[in-house]
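Here is what each chain is made of, one letter per residue.
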Amino acid sequence: MSGATPATEATEPQGKQEERGASSVLREILESSSLVVFAAILASLVLGGILIVVSSDDVATAAGYFFARPGDTFVAIGHSLGSAYAAMFNGAIYNTAADSFANGIKPLTQTLTMATPLIFAGLGLGLGFRAGLFNIGAQGQIVIGATLGAYVGFAWHLPVGLHLLVAVVGTMIGGALWGLIPGVLKATTGAHEVIVTIMLNYISVNLLAFLLSKDAFQQPGSDNPLAPPVDGSARYPSLLGSSYSLHWGFVLALLAAVGVWWLMERSTLGFTFRAVGSNPRAAKTAGMSVPLTYILVLTIAGALAGLAGSSQVLGTQPSLTTNVAASFGFDAITVALLGRSRPLGIVIAAILFGGLNASGPSLQVQAQLPIDVVLVVQSLIVLFIAAPPLVRFLFRLPEPRRVKEVTA
Amino acid sequence: MKNTLRIGAIAAVSAIALAACSSAPEEEAPATSAADVTSAPAETVDYKACMVSDAGGFDDKSFNQSGFEGLQQVAADLGIETATAESADGNAYGPNITALVDSSCDLIITVGFLLSQATVDAALANPDVNFAIIDDLADNDYDGTTDAPNIKPITFDTDEAAFLAGYAAAATTQTGTVATFGGMQIPSVTIFMDGFLAGVNYYNDQNGTTVNVLGWDGENGSFTGDFDDQTKGQSVTQGFIDNGADIIMPVAGPVGLGAAAAAQAAGNTWIIGVDSDWVQTAPEYADIVLTSVMKKIGASVYDVVDEAAVGAGFDVTPYVGTLANDGVGLADFYDAPVSDEVKAAIEEIKAGIIDGSIEP
Chain A
1 MSGATPATEA TEPQGKQEER GASSVLREIL ESSSLVVFAA ILASLVLGGI
51 LIVVSSDDVA TAAGYFFARP GDTFVAIGHS LGSAYAAMFN GAIYNTAADS
101 FANGIKPLTQ TLTMATPLIF AGLGLGLGFR AGLFNIGAQG QIVIGATLGA
151 YVGFAWHLPV GLHLLVAVVG TMIGGALWGL IPGVLKATTG AHEVIVTIML
201 NYISVNLLAF LLSKDAFQQP GSDNPLAPPV DGSARYPSLL GSSYSLHWGF
251 VLALLAAVGV WWLMERSTLG FTFRAVGSNP RAAKTAGMSV PLTYILVLTI
301 AGALAGLAGS SQVLGTQPSL TTNVAASFGF DAITVALLGR SRPLGIVIAA
351 ILFGGLNASG PSLQVQAQLP IDVVLVVQSL IVLFIAAPPL VRFLFRLPEP
401 RRVKEVTA
Chain B
409 MKNTLRIGAI AAVSAIALAA CSSAPEEEAP ATSAADVTSA PAETVDYKAC
459 MVSDAGGFDD KSFNQSGFEG LQQVAADLGI ETATAESADG NAYGPNITAL
509 VDSSCDLIIT VGFLLSQATV DAALANPDVN FAIIDDLADN DYDGTTDAPN
559 IKPITFDTDE AAFLAGYAAA ATTQTGTVAT FGGMQIPSVT IFMDGFLAGV
609 NYYNDQNGTT VNVLGWDGEN GSFTGDFDDQ TKGQSVTQGF IDNGADIIMP
659 VAGPVGLGAA AAAQAAGNTW IIGVDSDWVQ TAPEYADIVL TSVMKKIGAS
709 VYDVVDEAAV GAGFDVTPYV GTLANDGVGL ADFYDAPVSD EVKAAIEEIK
759 AGIIDGSIEP
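Sequence order for the protein chains is A and B. Its first residue numbered 1, the first sequence is counted upward by one per residue in this note's numbering. Its first residue numbered 409, the second sequence is counted upward by one per residue in this note's numbering.
Simulated from the structure, these hints should not be mistaken for lab results. All C-beta atoms, glycine included, are put in the ideal place defined by N, C-alpha and C. Hints may contain errors.
Footprint (simulated), chain A over chain B, 3 or more residues, beta carbon under 8 Å [what the hints assert, rightly or not]:
hint	stretch
1	482-494
2	497-505
3	660-670
The following block holds chain B by itself, in its conformation from the complex:
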């Protein structure tokens, strides 16, 4: 036993030693400092874009992560500096924003309605710094205007895309029952469910059918209570399947993967992905994804930073992602059993929503 350990140790040490044998870089001065690492080698634009997460962190497989990826992407493309701060809890919102202000960020993007007040406070205290906030209007006194003159709200009319998904689901269901559930009952979640419900109802009106929606009636519905626990998504979905639903839209970030697992196990059940195209991001479930309701947070962050850094400059006009500007959209159906007539009808409805003749 001891010998085995010794041999193992020698092997491990030699592996490490060998790994350390590569040649030193030619003319590099002593190791680059930590601060230099962030400034990309191809630095062309002198701009610093920063981001603060909410308590979910940048690895939440949801809107923090989408925003973060958008920031990384635009930083790599433009060669601008970035700095990011994750919030461990609500107490860190203010200090994190302050730390970024102190590190001379030009633009600070905060993620989520929980940071709304902290963002407004920081924006009022630092009029020279530009702010943007995702999924919130930064309007805490509800007078219809943003509370500080240097905040750009980034929001999404997700119900437009979800309406199309609801129509597609109603047209495709075999059982006459579809379902949706959310992570928490907050506006950025229920807007998906509202659109989905409206889309199903629209299909019923147009075709005289009675497709039934489980999990959301416009006021109350099924919520798992968090955006973490996949088992809850699995059991809620199993409940829907037991009640006859064959198409389910989980609006709960990673919890939706639990729903996909339950649907895959049940067979003959389809999932509608949210936020991104799940055929791409969750390929293991590609064969049961009917379509996805895409909310392009990453793209919106990219656009806002791009415009502020190299474009026309920062402006506080709210960014609203719609079907018209492709900020939200329905993903491809790939091989899902959606007939060409339905696809054509969806294109028509999409045009109707864009020109305002159909109200999602």
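Next comes chain A alone, as it looks inside the complex:
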């Protein structure tokens, strides 16, 4: 899925289609090859490694007498890198210090748990990117989805099963509503989705802060801006038993990925989305409704982002706070770009990011590294992905073939 589907590939001279502005940048990023993506990850890990070495006190001390005993410096460098990568492995994949396999595998389940909201939101954003819409609004869509879902979860008391279903649908409706607004504005007035979605992010966070200052959204007996925890009946059941944080939301995320793949690659609607993304004028000439497509794409993207909110309030963080969306809305942009907007790519990229996030605690506690190193590595990946020529220059990769995927 992440590769080009041969049937839809066509040759076209690149120079002919002079796209300007954000959409051409977006297109170039989406069309960068898997090799470039891999090289970007590698380059950022190497740069992250340099950062780890430079920030290590031991290395600094040993380098102070480099000429007197150079070996020390290299030992210190090796040690700081070794402990950092060991901590990453222990925190994200398998804890080698655990007493049993069941405990050792916990970090991997944590990685998948942390990947879940990124899969949902990344799928939504990827959908928009392929339809030519640079949706920055996942953050707000997660917030509104989580707000509505959490409200259903703690204020309504429904039977087991039904409650979860209604709450999940609630998160989708919340997110879809928050995607519908920029969709309608773009379709009817031409308002640029980047600006509208960014503004809606602010509105959503402040709206949530306002709601959390009201008694209806606070725990009885407390004035803290913290909603009551969602009822047990509205939470995703855990997937591997209660000692693991992994919940059925992850499975739902994988199903959503399959659903989005089917939508984009097999359905008529998806073909319309892709056609509008490639060339809105041609799509219009072919009789497709471009405004309607914009509305639909942003609404579906919003619903998917809302589901990311469900993996928070119905999964790992049952009490709604203003911080519910963390930075998922923005991380998901990276995930979608890294996965080149294809469902499989997004799932893989989200798991990579989930792993980086899950390794944060052990990097800090075991390797004594600041959490910022993880953030820098993530940011470097974005930076390299956003500049394919830079990566090609660093790794001496050849220029891309003059073959272009029309269906980007």
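Use these hints to put chain B onto chain A, whose structure you have.
Just chain B now, with coordinates in the frame of chain A:
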């Protein structure tokens, strides 16, 4: 141009090379491992105290930082081990606490009400580990008791000290209007504003004056919405000054520095610092700081760790910082224009609050 670059590069390289020329330490074995660095050389007590921040991080110039500094201080003094974990966001609370439990911490201190549930969960799952939480009672079912038997809540009756500040402000104002604002409307912030308002009202009652408080009426007030954006503090403060306020108490962490900047620019306006003594921590504004309402989080962390590691041992009795135990207090007035009668009255009120005859 190229030559300049070359000369610059040579200079830089030689500087680095020279820096690397110092002699190697005498008998040290190969470089110390990263793990050894944390154990201070003067290790005398076998104890490991750990701390998890909320999403603000340990450099928030507010309660995370105060707590962290207290931990560093006590670790240096006692020679105990520490480990800390900053939370990038709410998803990291649980995993961070778990990582610290796994690294065999004896005491884990969490900072802020956002970590309350995660702390209770971890405390119930790990009955052998001791926990303490700052600014929260760890009582998420609101039955009046802590939810786990091994959590020590650390809270502060900040309104007692803020009451004194309100009295001092009411006695000092030239315009008859004082003001306060918060970062967010949460109990640990509004308790300052409640005390301040009560102190001003107390002064009015005692002296038959009508000093007016802007920004907080006991229910609603002015909040900037976060603890980061100093420009918001500046504009809120400017608004207060335009409405005649000449003494302002910003309860918003670093946002308060924006308030101080606005007050300094306006002239004839005083600021009441919060959390620490701003004459010490923000010396650039020392000449406009009337006093500060101190909430000694660092000292409380120090005491809790000290007692658990080398004192009577860990106990879960809630630590409540009050005027009586010096956990909260009013900073010195230094050169601020507060008359000796007012200072004497404040001492009296302080004694009254401590013995319970005055209700803040």
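Unsatisfied constraints (hint numbers, rising): 3
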